[in-house]
Structures are given as C-alpha cells and as structure tokens.
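Chemist: Protein chains in written order, with this note's numbering: chain A, 842 to 1227; chain B, 842 to 1227.
Identical chains share a label here; the pair holds if one copy fits it or two copies do between them.
Here are the simulated BS3-like pairs of lysine-lysine, each with C-alpha atoms no more than 27 Å apart in a straight line: (1) K1099 to K1039; (2) K854 to K980; (3) K980 to K1099; (4) K1039 to K854; (5) K1099 to K854.
Hints are computed from structural coordinates only; laboratory data are not their basis.
2 protein chains.
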Amino acid sequence: MSDGIARRMEDIKPFQVMALLARARELEAQGRSIVHLEIGEPDFNTPQPIVEAGIAALRAGQVHYTPAVGLAALREAIANWYSKGAGITVSPERIIVTPGASGALLLAMAVLLNPGEAVLMADPGYPCNRYFARLLEGKTIGIPVTEASDYQLSSNHMDSYWTPETRVALVASPANPTGTLLSQAGLAALIKSVESRKGTLIVDEIYHGLVYEGRAATALGLSDHVLVINSFSKYFGMTGWRLGWLVVPNNFIEAAEKLAQNLFLAASTPAQYAALAAFKPETLEILEARRVEFQQRRDFLLPGLRSLGFYVPVTPQGAFYIYANCSRFSTDSFAFAQELLEKTGVAVTPGIDFGCNAPQQHLRFAYTTSTEQLQEGLKRLQAYLN
Amino acid sequence: MSDGIARRMEDIKPFQVMALLARARELEAQGRSIVHLEIGEPDFNTPQPIVEAGIAALRAGQVHYTPAVGLAALREAIANWYSKGAGITVSPERIIVTPGASGALLLAMAVLLNPGEAVLMADPGYPCNRYFARLLEGKTIGIPVTEASDYQLSSNHMDSYWTPETRVALVASPANPTGTLLSQAGLAALIKSVESRKGTLIVDEIYHGLVYEGRAATALGLSDHVLVINSFSKYFGMTGWRLGWLVVPNNFIEAAEKLAQNLFLAASTPAQYAALAAFKPETLEILEARRVEFQQRRDFLLPGLRSLGFYVPVTPQGAFYIYANCSRFSTDSFAFAQELLEKTGVAVTPGIDFGCNAPQQHLRFAYTTSTEQLQEGLKRLQAYLN
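Start from the sequences, fold in the hints, and give me the full structure.
Modeler: Here it is, written out as structure tokens:
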C-alpha cells in the first residue's frame, strides 16, 4: 500500500463505542451527569484479598519473569478450581496462564488456524474475535444467530455453515453481548458436530461464574479436545491486571508453550501472585455477593427495558449484558445511542461493535453500575422515549 | 495437518536455553552450586519508588482498564523523557503503551508486514523477532553479521539483501546477544537506505540506558518515519510487570491504536501507574548506580573471558551480554554449554537460540549476577578449560 500500512489494517475496526465513551467523558467534564451502561467491565474493584496478595508479592520482590506458561502454583490452583467447582480433572500441564483472555485467544487461534482457513462464530459476538483470525490471515464466517437458538451456535449451524476450509468454531457462554448460555446438551451436540468434521471448538468461558440461573458447565467436562479460554477479569474482578488462561488438549501443549515464550515471554508476575488469592474462601465469598448483586441488577433492568418497549426475546442468564432490539424507536442504533447520550445522558453501546447481524436494530446495555444508577437511567429513558 | 496444529508452529522454535535452565534448576535442587550466566534479565529488583507507586495504585483501586494506548499521564511522561534525555520532541499521541516490548513488536510487525513480505534482521539476534514475522505469514531474511560491522546491520547490507518483497528492516541497539551499538552515523545511513527503498525501519531500543561508552542515540532524533520499540523491563528493572511502548509515525497512530484495542484491550493498569515513578529523580539515581554496576561487571567479565581464550572481537558497549566465540574449545556450543553446566556448574546460553550464523561456535554470557558470582564463574571455567 502506498501509505505503508499492511492490508489487514483495512479490515480491522476500532471499537465504535469509543467515540461515544469519549463524548460521554466530554459531557461529564462539562458537568453533565452520565449514566454509564456502555462499559464492559465490573464496577467493583478487585477483591481485597487479591489486592493484598498483589501487594505482598511486590513487597517480596516478585517482579521477575515467571515461566512462559505461568507459575506452577497458579496452574495448580486453576486445576484445583476445576476439580472442586466442576468435579473435572484437568492436568495443570494443559493450563497456560496468559496476558488476559486476549492472550489466550491469540494463542488458541495461532496454534489452530492456517491462512485462508475459516473460523465460525456467532454474530452478534465479541468484536475482537474476528480480528485475531484476520491477524493470522484466516477468515471469519459470522453466523447470524437469533432468539431461535438463544443467540448461540448449534450443531444445525455447523451443518449449514461448515465448509471444507473451516477449521475452528468459536462459542462463548455466557456470551457478549447477549448474556445467553449454551445448554449442556447444546454444547455437547456442538462438540460432537465439530469434532466429527475434524475441526476444533474454542469455548470462551470468561463469564463463567457470572451466571444467574443454573450453572454454566465447562466444555472441559465434555471433551478433551476443546480449547477453553478463561480470565481473571470478569468474575474475579481483575480486568486491569490483564490475566487469563487457556486450557489446551494434550497434543497442543508443546505448541502453545513455545508460542507463549515467543509472543509474551510470560504474563504479569504481580498479577499471577495476586491471582493465587482468587480461589481463597474469603475471596469466593466476596465474588458470590457480587454475583447476587449482578443478578439483582439484571432483575431490575431487564423488565424495565422491556416495559419501555425494548424487545429482549431471550432472558440473559449470565455476564452483565442485555442485548435489546430498539427498532421500535430507531432503525439506526448508532445514531440512536448518540441521541440518547446527548438528550438523556445515558450511555449505551450500539450493535455495530458486535457484527453485521442487524446491528442497527440493537443496543447493548451493561449493568456494570449500581441499581441506583440503573434506576436513574431507566427514569431518563422513560421520560425521553414516552 | 493431521495433528490439527497450524503449519506456522513447525517453524516456531522454543528457547533452547530452557532445557539448560531446567537442568540447572535440577542440579540446584540436588544441592549443586550454579553460577547463572544464562539469564536475560537484571538480577536487581524493581527500584523501590516504582514498587511503592505500584502498591499505592493498588491501594487506590487502580485496577480497571486504561485506554488501549495507555494512561495519558504515562504517555506524557515518556514524551518528557525523550525531551529531557535526548532533547527530542515526540508527541504523546505517537506513543503507545504495550504489554512489554513483546506487545510493541507484535503491533509494529502487524501494522507493517503483509503476508509474503520480508523483514531484514541481523543474525545473531533476539530469537523472537523472526517468529512475530512468521506469525503474520511474513518472511525473515537473517543477515549474517560479523565483527566487521560490529554485528549490526549497515546500509551496505541493505544494498546486498533488500529484495522487491522486503518491507521492513529491524535493528536493535544495544543488541542482544552481542551488546553492540549502532553508531549515530551508521543508524542515519541505515534509515536513509531503508527509506529510499520505501521501506520502514523498526528500531529496538529496549537496552537504551544500559550503555557503558558514549550514549545510544534514539532513532527518533533521526527520522519521523521509524517505529521505535522500548520497554520498562531492562533499564527500569520491571521485567515481570510486562510493560513497554511503541513510538509510531503519525500516519500509523490510528492503525496501531485500533490494533492495540483488539489484541490487548490495554496494558496492565498497576504496571502503568507504577511506571509513572520510573522517571522520578530518585528512581533515575538508583538506575544510574545499577548502570555503573553493570559496567563494572562487564569490565570484569570481558577481559576474564578473553584471557581464558574466548574470542570477543568487538567490545560490547551496552545491554548485559557478551557474545563469545568458543571455537577454541568446541565446535558444538550446545554440547559445550551442557558440558560446562554439568562439569563446572556454570550456566550459559548457546548460540543456537540467536539464529543460524555460526551458532555452534558461540556462547552468550549474561552478566546479570554479582561480580562475586562472575569471579566464581571465571574461576571454575579456568580450572576446567586450562
């Protein structure tokens, strides 16, 4: 290219919500009160036992590189967590600690995907997923999902969309932006369908723990051949620490390890020591209280939005998002989000960040703020929309 | 592939030194005393003012995501550092804070390199560089460098090795594993040569600050079109925190920012707040004392190795490495390194990790340990080799 920028950069898009966020900050700086329903991270701080463990690590001089795959103690703690929480045995050797789930996604895609090969994923979905594939010169086939499948991929989708060049399918449960879960039966059928095609399933479980009805079962209990991505960001409240993990099948351990060495050297050392406290009973108690709080927020916001006229056909069971059809109010959700911000001071994320499946008819509401703020947001929306 | 692993993984190699390091740890566990000259990170802890700033940030709840390109205050602090230290004006907008220099390398390569395009780099060189190119389906042309060019690339190399498919040249000054510098004139000639070919130069400056004769001039003073990689790891003693930065030309800001959003979300928040203290006078005083200590170690180890019969034709002026020709003792440096470890308890890195240019004749000695340990190491080598 004449400007010297690699071609992939034409296809990689910035987060559109950033412009809205910047405008929201600008309005706040001018003294306007803004209700933030656009932010995809918990408003809670990191639980104090984790913070204290991080501080203790810094005081103890734990500031040097760890092994590329992470501290042995942390990999064991994660394995124990699977054992205690889900009754599943995962060898610590299969667990690779990464710089956030972002690092885990890069590793997973890079060990699996050849140039020209395709990844199937749900549309709407987490925006970055498709750009990891693009980075590696792979392709993404975004499958438009609807309420009929709870916005999740199903084995039927595999029948319809799998091509000879498809190598990977990627699902997230609970999902961003819809908050919906894959049922255990649905997940099992999907695994069977993908594996029968000699493909590999990547399962994004970063919102595990933040589930309000039933329990999200880890894909690790259903197959030894899936790659599972998880994170200390969302459930454990450690977003800014940038720490996640990847579980790989036995035959991928060597590839994933050498890739981690070369791409990352290692994940953050203080974060890893801090995360050792994430599985302590006193931390889990804090996290459970937060989970209950998130559920209360959902139970407040969801009926509120529905009664205003937003259409949410599937009750979101996890994460902290409600993906709402706003076509009763607008056929251009981006302009509508701008309008809501300017007129009501309520900030939300327009559908455009999540794919090409009717984004202009959808808004994502994140309940990552207090019930009081949610109440204020609903009040403002009601006053404006009715 | 039948095993389901992407083809690129055949070409991406693990660090060979890891096997030696594991064996060294095993011997230590058995009670053997090991002199570690294989480790590529400072033995010093993070300076206390930086640690304290990190702790204060944790106490203040600075645990949420920062902007993708980093904290505004940190980008300004880095810009001020260029201004005060080198008298160079770099707009903070051009500075992108990354998860280590590793993150900066990934961004730099990804915004520049199309599949099939080539990166020129010195051989020997930092092992990961070529794998970032491979990840992106680019090619690496390793240029065998010798003492004739201080193991650095020169504009003559560009005349000989630049091909129609070459897009990027990458240099490091001071370099790993040779510790040599590019002169200001050499760097200027290289930039001119690369830019006249409509290519882009990436300059790895992560060992800036650790220079023992003269001063390494940043490439930012010579061109507005280079991409410069730097890090808080080596000079600032923050390896395990995983924090670096990338300076891009104006026309790359947008591409680098959206890529950082999608690949990383952001660098570690506690690390960024900690790094704000990296430029304080009390920190710089500590760092200067360490620089002097490193110089003393080099001035001790280098003549010692030479007098034992290791051939080091160019005096390393920076970083903390000595790349020594060991062909007087062995024509298989990997086996020789194993032998030295087993027989003398001295751990060094064999040349194989740094490329294909006579690796079997070279060892890298890192002076990342005390002068007492260096003394002990030399004593053991002398007793064994003579």
